[in-house]
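Participant: Put together the whole structure using the sequences plus the hints.
Line by line, the protein sequences are chains A and B. Counting from 1 along the first sequence, just add 21 to a position and that's the residue number in the numbering used here. Counting from 1 along the second sequence, just add 1 to a position and that's the residue number in the numbering used here.
Keep in mind that the hints are not guaranteed to be accurate.
[To be verified] Stretch-level coverage of chain B by chain A, calculated; a stretch enters the list once three of its residues show a Cβ under 8 angstroms from a Cβ in chain A:
no., region
1, 49-56
2, 91-101
[Unchecked claim] To give an idea of the chain A side of the interface with chain B (calculated C-beta under 10 angstroms), a few residues:
no., residue
3, 25
4, 70
5, 115
6, 116
7, 117
8, 119
9, 120
10, 122
11, 125
Honestly, the hints are just simulated from the structure, not real lab data. Note that this is a predicted model, so its numbers are computed, not measured. No residue lacks a Cβ here, since even glycine has one placed at the ideal position from N, Cα and C.
Now for the letters of each chain:
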Amino acid sequence: AQRVTQPEKLLSVFKGAPVELKCNYSYSGSPELFWYVQYSRQRLQLLLRHISRESIKGFTADLNKGETSFHLKKPFAQEEDSAMYYCALSEIIQGAQKLVFGQGTRLTINP
Amino acid sequence: DAGVTQSPTHLIKTRGQQVTLRCSPKSGHDTVSWYQQALGQGPQFIFQYYEEEERQRGNFPDRFSGHQFPNYSSELNVNALLLGDSALYLCASSLPRGPLHFGNGTRLTVT
Chain A
22 AQRVTQPEKL LSVFKGAPVE LKCNYSYSGS PELFWYVQYS RQRLQLLLRH ISRESIKGFT
82 ADLNKGETSF HLKKPFAQEE DSAMYYCALS EIIQGAQKLV FGQGTRLTIN P
Chain B
2 DAGVTQSPTH LIKTRGQQVT LRCSPKSGHD TVSWYQQALG QGPQFIFQYY EEEERQRGNF
62 PDRFSGHQFP NYSSELNVNA LLLGDSALYL CASSLPRGPL HFGNGTRLTV T
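Facilitator: Okay, here's the thing in structure tokens:
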């Protein structure tokens, strides 16, 4: 079965320090992976997707098929990065896209 | 553009009752997906609607049903409510294989 695992429920780092949010997945096909973010009192929104290979708000994520990982990284954390982060895997079944989410990691950036 | 709008924002129901949640998709989107997010968990896929038909369904009982209207808006109905149905219900709209745009959700509490 398709599964996304985010091993850390909570992660706390100091401002300016590097941050890495871990995500591992299990999927039998060729995966399409996403990171979604939810800032306080805001809706869940797409942060980045692996196929676009872009950097958003300084965050990057590289798909490692050998390790089945899609970790989210930022070299220098900022206070406004404090939020809930969800890794998600897209599964297409009969033309319908379904996202399988991990449990999420709450990132806190300390001043 | 108002984005995805959901109503109501909060709802309290008694066990055994029925509930209807509503969603208006982002302008230009024709596909609506519903997710259930229990406390401390990532969103779980309920089903997706496209062209007024249910295209794909997650692991939810038949008590959960939905509908999509010609204007692409959608409803989620839950019958015979259980205490375990208490959750945040998220609606997401998209083009058929495009990135999902989420609403703010409806917080359902079953007592």
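Participant: It remains to establish, for every hint, whether it holds in the given structure.
Facilitator: Hints, one by one, checked against the model:
no. : hint   : result
1   : 49-56  : holds (count 3)
2   : 91-101 : holds (count 6)
3   : 25     : holds (8 angstroms)
4   : 70     : holds (7 angstroms)
5   : 115    : holds (6 angstroms)
6   : 116    : holds (6 angstroms)
7   : 117    : holds (3 angstroms)
8   : 119    : holds (5 angstroms)
9   : 120    : holds (6 angstroms)
10  : 122    : holds (3 angstroms)
11  : 125    : holds (5 angstroms)
Comparing the model with each numbered hint stated earlier shows that all of them hold.
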